[in-house]
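> Given next are the chains, with one letter for each unit.
2 protein chains.
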Amino acid sequence: MPQKIVKLTVKDVRFPTSLGQHGSDAMHTDPDYSVAYVVIETDGGMKGYGLTFTVGRGTEVVVCAVKALSGFVVGKTLEEIVGDFRGFYRLLTSDGQMRWIGPEKGVIQLATAAVLNAVWDLWARAEGKPLWKLLVDMSPEQLVSCIDFRYITDALTEQEALGEACCTLLHNSLGSSLSNGTVIKKPIQLMSDYGARFPNHQSRVFLICGFVSLTLSRSLTHSLTHSLSHSHSDLLRKAQTGKTEREEQMLKEGYPAYTTSCAWLGYSDQQLTQLCTDALASGWSRFKVKVGAELEDDERRCRLIRQMIGPDKTLMMDANQRWDVGEAISWVTSLAPFRPLWIEEPTSPDDILGHATISKALAPLGIGVASGEQCHNRVMFKQFLQASALQFVQIDSCRLGSVNENLSVLLMAHKFQVPVCPHAGGVGLCELVQHLILFDYISVSADLNNRMCEYVDHLHEHFTSPVVIRNAHYLPPKDPGYSCEMLESSVETHQFPGGVVWANLLAKAPE
Amino acid sequence: MPQKIVKLTVKDVRFPTSLGQHGSDAMHTDPDYSVAYVVIETDGGMKGYGLTFTVGRGTEVVVCAVKALSGFVVGKTLEEIVGDFRGFYRLLTSDGQMRWIGPEKGVIQLATAAVLNAVWDLWARAEGKPLWKLLVDMSPEQLVSCIDFRYITDALTEQEALGEACCTLLHNSLGSSLSNGTVIKKPIQLMSDYGARFPNHQSRVFLICGFVSLTLSRSLTHSLTHSLSHSHSDLLRKAQTGKTEREEQMLKEGYPAYTTSCAWLGYSDQQLTQLCTDALASGWSRFKVKVGAELEDDERRCRLIRQMIGPDKTLMMDANQRWDVGEAISWVTSLAPFRPLWIEEPTSPDDILGHATISKALAPLGIGVASGEQCHNRVMFKQFLQASALQFVQIDSCRLGSVNENLSVLLMAHKFQVPVCPHAGGVGLCELVQHLILFDYISVSADLNNRMCEYVDHLHEHFTSPVVIRNAHYLPPKDPGYSCEMLESSVETHQFPGGVVWANLLAKAPE
Numbered sequence: 001m002p003q004k005i006v007k008l009t010v011k012d013v014r015f016p017t018s019l020g021q022h023g024s025d026a027m028h029t030d031p032d033y034s035v036a037y038v039v040i041e042t043d044g045g046m047k048g049y050g051l052t053f054t055v056g057r058g059t060e061v062v063v064c065a066v067k068a069l070s071g072f073v074v075g076k077t078l079e080e081i082v083g084d085f086r087g088f089y090r091l092l093t094s095d096g097q098m099r100w101i102g103p104e105k106g107v108i109q110l111a112t113a114a115v116l117n118a119v120w121d122l123w124a125r126a127e128g129k130p131l132w133k134l135l136v137d138m139s140p141e142q143l144v145s146c147i148d149f150r151y152i153t154d155a156l157t158e159q160e161a162l163g164e165a166c167c168t169l170l171h172n173s174l175g176s177s178l179s180n181g182t183v184i185k186k187p188i189q190l191m192s193d194y195g196a197r198f199p200n201h202q203s204r205v206f207l208i209c210g211f212v213s214l215t216l217s218r219s220l221t222h223s224l225t226h227s228l229s230h231s232h233s234d235l236l237r238k239a240q241t242g243k244t245e246r247e248e249q250m251l252k253e254g255y256p257a258y259t260t261s262c263a264w265l266g267y268s269d270q271q272l273t274q275l276c277t278d279a280l281a282s283g284w285s286r287f288k289v290k291v292g293a294e295l296e297d298d299e300r301r302c303r304l305i306r307q308m309i310g311p312d313k314t315l316m317m318d319a320n321q322r323w324d325v326g327e328a329i330s331w332v333t334s335l336a337p338f339r340p341l342w343i344e345e346p347t348s349p350d351d352i353l354g355h356a357t358i359s360k361a362l363a364p365l366g367i368g369v370a371s372g373e374q375c376h377n378r379v380m381f382k383q384f385l386q387a388s389a390l391q392f393v394q395i396d397s398c399r400l401g402s403v404n405e406n407l408s409v410l411l412m413a414h415k416f417q418v419p420v421c422p423h424a425g426g427v428g429l430c431e432l433v434q435h436l437i438l439f440d441y442i443s444v445s446a447d448l449n450n451r452m453c454e455y456v457d458h459l460h461e462h463f464t465s466p467v468v469i470r471n472a473h474y475l476p477p478k479d480p481g482y483s484c485e486m487l488e489s490s491v492e493t494h495q496f497p498g499g500v501v502w503a504n505l506l507a508k509a510p511e
Numbered sequence: 001m002p003q004k005i006v007k008l009t010v011k012d013v014r015f016p017t018s019l020g021q022h023g024s025d026a027m028h029t030d031p032d033y034s035v036a037y038v039v040i041e042t043d044g045g046m047k048g049y050g051l052t053f054t055v056g057r058g059t060e061v062v063v064c065a066v067k068a069l070s071g072f073v074v075g076k077t078l079e080e081i082v083g084d085f086r087g088f089y090r091l092l093t094s095d096g097q098m099r100w101i102g103p104e105k106g107v108i109q110l111a112t113a114a115v116l117n118a119v120w121d122l123w124a125r126a127e128g129k130p131l132w133k134l135l136v137d138m139s140p141e142q143l144v145s146c147i148d149f150r151y152i153t154d155a156l157t158e159q160e161a162l163g164e165a166c167c168t169l170l171h172n173s174l175g176s177s178l179s180n181g182t183v184i185k186k187p188i189q190l191m192s193d194y195g196a197r198f199p200n201h202q203s204r205v206f207l208i209c210g211f212v213s214l215t216l217s218r219s220l221t222h223s224l225t226h227s228l229s230h231s232h233s234d235l236l237r238k239a240q241t242g243k244t245e246r247e248e249q250m251l252k253e254g255y256p257a258y259t260t261s262c263a264w265l266g267y268s269d270q271q272l273t274q275l276c277t278d279a280l281a282s283g284w285s286r287f288k289v290k291v292g293a294e295l296e297d298d299e300r301r302c303r304l305i306r307q308m309i310g311p312d313k314t315l316m317m318d319a320n321q322r323w324d325v326g327e328a329i330s331w332v333t334s335l336a337p338f339r340p341l342w343i344e345e346p347t348s349p350d351d352i353l354g355h356a357t358i359s360k361a362l363a364p365l366g367i368g369v370a371s372g373e374q375c376h377n378r379v380m381f382k383q384f385l386q387a388s389a390l391q392f393v394q395i396d397s398c399r400l401g402s403v404n405e406n407l408s409v410l411l412m413a414h415k416f417q418v419p420v421c422p423h424a425g426g427v428g429l430c431e432l433v434q435h436l437i438l439f440d441y442i443s444v445s446a447d448l449n450n451r452m453c454e455y456v457d458h459l460h461e462h463f464t465s466p467v468v469i470r471n472a473h474y475l476p477p478k479d480p481g482y483s484c485e486m487l488e489s490s491v492e493t494h495q496f497p498g499g500v501v502w503a504n505l506l507a508k509a510p511e
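Protein chains in written order, with full-length UniProt numbering: chain A, 1 to 511; chain B, 1 to 511.
Hint data in this document are derived by calculation from the structure and do not stem from the laboratory. For clarity, every value in this text was computed on a predicted model and none was experimentally measured. Treat the hints with care, as some may be off.
Because identical chains cannot be distinguished in the list, a pair is counted as satisfied if it fits within a single copy or across any two copies.
To be verified - Only pairs whose alpha carbons sit at most 25 angstroms apart, straight line, appear in this in silico DSS-like list of lysine-lysine:
(1) Lys67 - Lys508
(2) Lys313 - Lys76
(3) Lys415 - Lys478
(4) Lys11 - Lys508
(5) Lys67 - Lys11
(6) Lys415 - Lys508
(7) Lys7 - Lys76
(8) Lys478 - Lys67
So that you can see chain A by itself, here it is in the shape it has in the complex (with noise of 0.2 angstroms):
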C-alpha cells in the first residue's frame, strides 16, 4: 500500500547547554546545541522524523533551507523516493535553481540531511526495522542504488561498488565453512561458469553456498569475480567470521565507544577529574579531550587526565580546526609526550593538502590525523582518502546527505582501509549514527580494529528511543526507524524562541 508523503513540517529546537559550558571547544565557545527537526506524514498516518545538529544561532537559515526542499518530498510516495532513491537524491541536491546556493556543502546540504533523515526513518518504521537492520537486510544492489556516484567515480565506480558489498556479502556467508586460501577458489569459479553460459546481462546465477542463497546479476558476478581476484588475502582474512555471527556479536556485547563528555575546554580541572573518575567506574577505556586555545593549559589538561587513565588506555586530543598547517604540526608535537591516538580537525575542514602535510608529519610520532564533522560531502572525503590526509574518518549523520551519501563514504573508506570512528554528540547525533556504524561492521568493513564511535552524555532524554549504552559499547537498537523523535514536551518547550524555556531566558536576559 502506497504510503504518499503529504506534509513536512520542521521547528527551530535549542538546549542552552552554553549556560554549562557542555560542548565548549577552541572555536565553538559557547554552544546551544540545537536541531532543526522535520516531521512528515503520510496520507496512511505514518510519520517520518528527521534532524540536522546545529549550535544555536543559524538554526533558522537551516529551517528556512528546508521549507525550501520540502516541496520536492511532498506529494511524493515512500515507494517512489525508495523505488529511485539515488535520483531522488540528486533532485535534492542537484536542482538547477537550488544548487547555485551549495552545491551538496553548508546550510543547503545540512537540511538536505535533515530530510533524507526523516524519509530513511519512514521507510525503516514502514518495514518495521531499526535502520541498521534495514541496511544490513539489503542486497549490494539495493545499497549502491541508494548512491549518487558523481563525482567519485575516480576513486570508486557503481561496478566497485558492488563488487566490494557483494564480496562482503559473499565472505560473510561463506565465511563459517571457509578454513584457508583453496577453498575459495571453487565458488569464484563455480561462478564464473556460469556467468559463461547464461552471457545474457539481466540473466541471474544462483549460488548456493552453505546456508545463504545470493542471488547475483551478471555485471555484479564479474565484479565479484574480478574483486576476488585483486584482494584475494585480504578477502579471506576477513571472511574468518561471517555477519551472522557479526549481527549476533554486535546484539550481544554493542559497537565500542569513547566518551567525549570528560573534558570540553569550558570545564575546570576539579570538573575534568571528577567525570573521568566517573567514567572509569563505569568501564569507560577510551577518552577524548579538547584542545587548541591555550598550550600551557592544553600540557596540563592531558597531563592530568593521562594520569588518571594510566598509560594503556586510549587518549584523543581535538583541537576543533584551531590552527594553521605549520602551527598544528608543533603545538601537537609538543602535546606528543601524552599519547594521542589521534589530533582531530587540527585545521580548516576544508584543508586536504594541509591535513596531508599534518599526517606526514605526524606519523613518526606515532599520531594519526582525524577529520569529518565538518567535511562537507563525498567529494571532499574522496580526496581526503586518495591523498592519505587521514588516519581515521569521521563520518557524520547530519552533516553529510544522510545514509546515501554516508554509504559512499563508508566503501570508499573500506577500499581505502582507512577506520571509520564516527563523530556523535550533539543532539540526536549518537541516535543517529549508531545505525550507520552498526551497519558498517556488520556489512562493511567486518573489522573493530581502531574503531570507535564517539559518544557523549547530553540531551539523549529527549528522544523516545535514547541510545542504551552498556560497558562503553553502544547497544543496536530495537526499535523500527532511525531514533530521532523527540518527545512532544521536548520540541514543545525548547523551540526557539518562543517555548517556555527561551521564553524565560529571553526574558533574563539583558538587552
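On the provided structure of chain A, position chain B as indicated by the hints.
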C-alpha cells in the same frame, strides 16, 4: 565624523531570465538570475549597497542568512569596522555558533559577501572614490590588514603578502626610473640601511624615490628586502611600467573582456550565429561557449563558433561541473580540435585533486583548466594553486567573502603566477568584479597576458552605475562606491514573490 550603521535591510530580487534561456548551461538549465540585495544606512544619512548573486529558488535562504548576520553590523561605525577590518571579517565568519552552518561556505558565505559588499560600498562612497581607486590608493599595510590569513599561512604569510604588495608598490613607483637590474640595488641598500638605524619595530623609514613617498614599517622593510632578493628578475621584468601609468592606461583603454552572451546552452544555432555576428561587429575577440550536455551537440556548436570567429580569436569552453574526472578528460579531448584556451568547471568545484588530474591530462593538448565561480573560500583556492590544479583563477565577487577574501586570493594567485580571469555575468557581477580586476592589474599583477574579465550583456539596466564596455573592454567606473546600487523601481517590481513582475507571472503559472 563617525558614521554609525543604524539599519540593514535585505530583499529577495529575481529576474525571470529562464523564460528566454539566458544563462542556461549543462547544470543550471533554467536560471532566474537573482540577488539577495542589502542596503545599510548610517545615522549620518549615508547608504551602502551590497548584493550576492543567486539563480532563483533558494534566494530566500540567503536572505534569511543575511538577517542572521545583521546583528554584527548594525550599531557599529564604519570607522570601527574598517579600522579593524580583519577582525570584523573574522567576527562575521567565525561566530562560535554560526560557523557550524558553514564555515565560510555555501549560504552563509554568500550572505557574508552581500553584507561586506555593502560595507565596502559605504566605505568607498565615504571616501568619494570608486572602489577600485580606494584599493589602489591603500598602503600595503592597509590592504593586508583587511585579510584573514587563517588557514592560508602555509601558502602565503602576512609578511610575504606585505612583501608582495610592497614589491609591487615599489616597482610601480620606481618603474619609470628603472632600466636594468643594477639600479634596484640602491633602494634595497638604502632601505636596509634605514632599517638598521631604526631598530624600533614601530619606527618608520621614509623612502623618497621619484614621485612617490613610501611609508614602510621595519618588518615591512625586511619583507621587502627579502622578497626583492628572491624575485629579483621577475620584479624587474614587471617593473618596466609603473602603477600610475597602468592606472592611466586603464582609464584610457579599459580592462580586456570576453563575452559569454553568444552561446548559452539553451540558445538555438540561429540565435548563436546572430549573436556571434553582432559581437564580432562590436569588436569582441574572445568568446565562451557552454558545453557538457551532449557531445555531438557540443561539437556542432563549437565548430560553428570556431568557423565564425576564425582561427586567431580566442575560444573558451564551460562545462559547469557536468562531468566526472575521467569523463572530463575524454570529452574535452574530443573537443580539442576547436582549440579552446580553457575548459571551465570540468567537474565538481570541490574536487581539487580531480582538477589537478584533468589539468595534467589536458596540458599536452594546450588546454588549461579554469574554475572558481563556485570555489567557496580562500582555503580551497589555496589548494587549487598548491596542487597546480588550475591554469586560470576565476574569482567571484559574491561567492567569496567580499573584497577581503578576494584580496587574499589575488595575492596567492600572484605568488603562484596563475592569471586571474574573474567570473562575471548574472546580476551585478560585472558591476562588482570589474573593480577587483582593475585593482589587480594596477596594484598586484601588472600583467595582461592571458587575462580577461568575463562579460555578459544582461540586466545592467537595473543599476544606477552600470558597467561601461567600449571595444570589448571594461572602462573603469568613476562614480563613488562599488557599483551595486540598483534602481529602486527595479527592486520594487522584481521583488519575489510580491513585485508586479512576479505577481503577474505566478498568476499565469499552472498550479
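> Of all the hints numbered above, which does this structure not satisfy? Sort the numbers upward.
2, 3, 6 and 8
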